[in-house]
Amino acid sequence: MHSLGRRTALVSALLALAVSQAALADDGFSYRFSGFGTLGYVQTNTNDLTFLNPGQEKGATKSGSLLVDSRLGAQVDVNFNDQLSATVQGLAQQDAKGQFEPTLEWAFLRYKPLDSVSVRVGRLGWPAYLVSDYRYVGYANPWLRAPLEVYDLAVLDYFDGGDVTWTHALGPGTVSVQVLAGSADTDLPDTSQQTAKLGVHQLYGGYVTYDIGDFHLRGGASTAHIDYTSGSTAPLFAGLQQAGFGSIADSLEANNKRATFVSLGGTYDAHNILATAEYGALHSSSFLARNNGWYGTLGYHFGSWTPYVTYGGTNKPSEVNSYGVPAFGPLLPLSQGVDALVSHTYQHTTSLGVRWDVYKNIDIKAQLDHVTPSANGGDFADVSPTYDGHSVNVYSAVVDFVF
Amino acid sequence: MTSKMIKWACALALAAGAMPAFAGIAVVVAAGSSAPSMSKDQVSELYLGKSSAFPGGGSAKLYDLPESNPVREQFYQKLSGKSASQVKAVWSRLIFSGKALPPKELGSDAEVKKAVASGGTSIGYIDSSAVDSSVKVVLTLP
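Order-wise, the sequence lines are chains A and B. Residues in the first sequence are numbered from 1 upward in steps of one, following my numbering. Residues in the second sequence are numbered from 1001 upward in steps of one, following my numbering.
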């Protein structure tokens, strides 16, 4: 409710500014409406765990789901003149409560005092990943979905704040440096069937992009103070406090703890070859601890067909030895709870897929993922207590479109 | 030097005579523009959204032929080796990251020529056979 009010205020402010500036603009005024969407179906070969995208509540098992990959987005761009423009993007997809709901992804004003400098203010996409800016635009991506081994590391789509980007020719290529500051509040799904909240404050980041010929390289880091509150971890931290392990609870709890996310990626797309790879690492002083992931994708364009293969992995090393809650008597549940939060979590995925450009603005993709998670389920959700760490096959098919 | 040029002119005339319907694609600016000749890479950077700098200063205004026109597919193929759908994917990335808007699509060679001829930092591409004195050719893709 509160955040809806804030969003409405933000949009009204942008529109008011847009209208007043439009009246002032003497030439170069133009606008454009664009949209994108995906209709996707996914199912797996097991009921022991649930496959979903980061930030979602409902997913696929042997029973398939249309809610994991389906989404619909719309964007309006308004150029008032060569210096000033506004962009608003709305996106409907499954949210943390399992509902297919629209959210305001972006709403920003861009000012270009010089050809080489761009300043943006408003709600901006968090640019940490190689495809952050168009991750949900299936048509713009080679894979059926962004590889979860990396894209599940830090779940934050947008922030409210500002950024400055400076672009300059460097050697035979073009370098672009972006610095950002802001804050964000995001709902996350929670095993307790309530919504967990992620608060990101004092978010600062810097990213460098280098384009040279058909190569595109991007890397950088963001750091912030984060608050994570959830109905499933709160009782554990309260129990630890009562049992006299307050210091352990304090160090586990993500309560105004610093988190830093470092990422590096690159892509090559020419001569019908498509190659892309990315690495990300999250460091935090809380139960989120250290977590890193990577993937590599190779594809080849045969006319309108593009088969591809992706291999990815994620690894969150165990921190169990750092927390000495005795594992006996009435303390056993607490000890197990702590171990579950900080145990070794990993996952490897081999994906085979194909993209078929069936019409000028429509593609069809099919993908098979062979996933081997750790016995606690890796990136999967709703892990059955009887799950033994066996591999899982995920079968997906989507239709992507842009207009 | 001169004889070389005459040979070239003859070759071009022969080629033009042999293929009157399709003589290549001309990248054009306004006839009075001070823009120098452009390289394939420069034009490719503009039409794939990597740069928006008009040679000689300012920000380029790009024009596209409609998707139904075969010259468009040939233009991107010759320029970058990319198919129409690959180019569309490139522009989707730019549009939906709020970074750039795609070239403005016009209906025909004549409309592109007219828009470009009006001057400023306009750039377009047309079938070479449609080139006339209202525009200046900055690059020819054979």
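These are calculated hints, taken from the structure and not from any lab test. Note that the structure is a prediction, hence the values are computed from the model and not measured. Just so you know, even glycine gets a beta-carbon here, dropped at the ideal spot from N, CA and C. Among these hints, one or two may not hold up.
One-sided and incomplete, this derived list gives chain A residues near chain B with beta-carbon spacing under 8 Å [unchecked claim]:
no.	residue
1	R32
2	S34
3	D77
4	T87
5	Y111
6	D115
7	D133
8	Y139
9	G162
10	T174
11	E253
12	S304
13	L331
14	S335
15	K360
16	I364
Of the numbered hints stated earlier in the document, which are not met by this structure? Numbers 5, 9, 11, 13, 14 and 16, in rising order.
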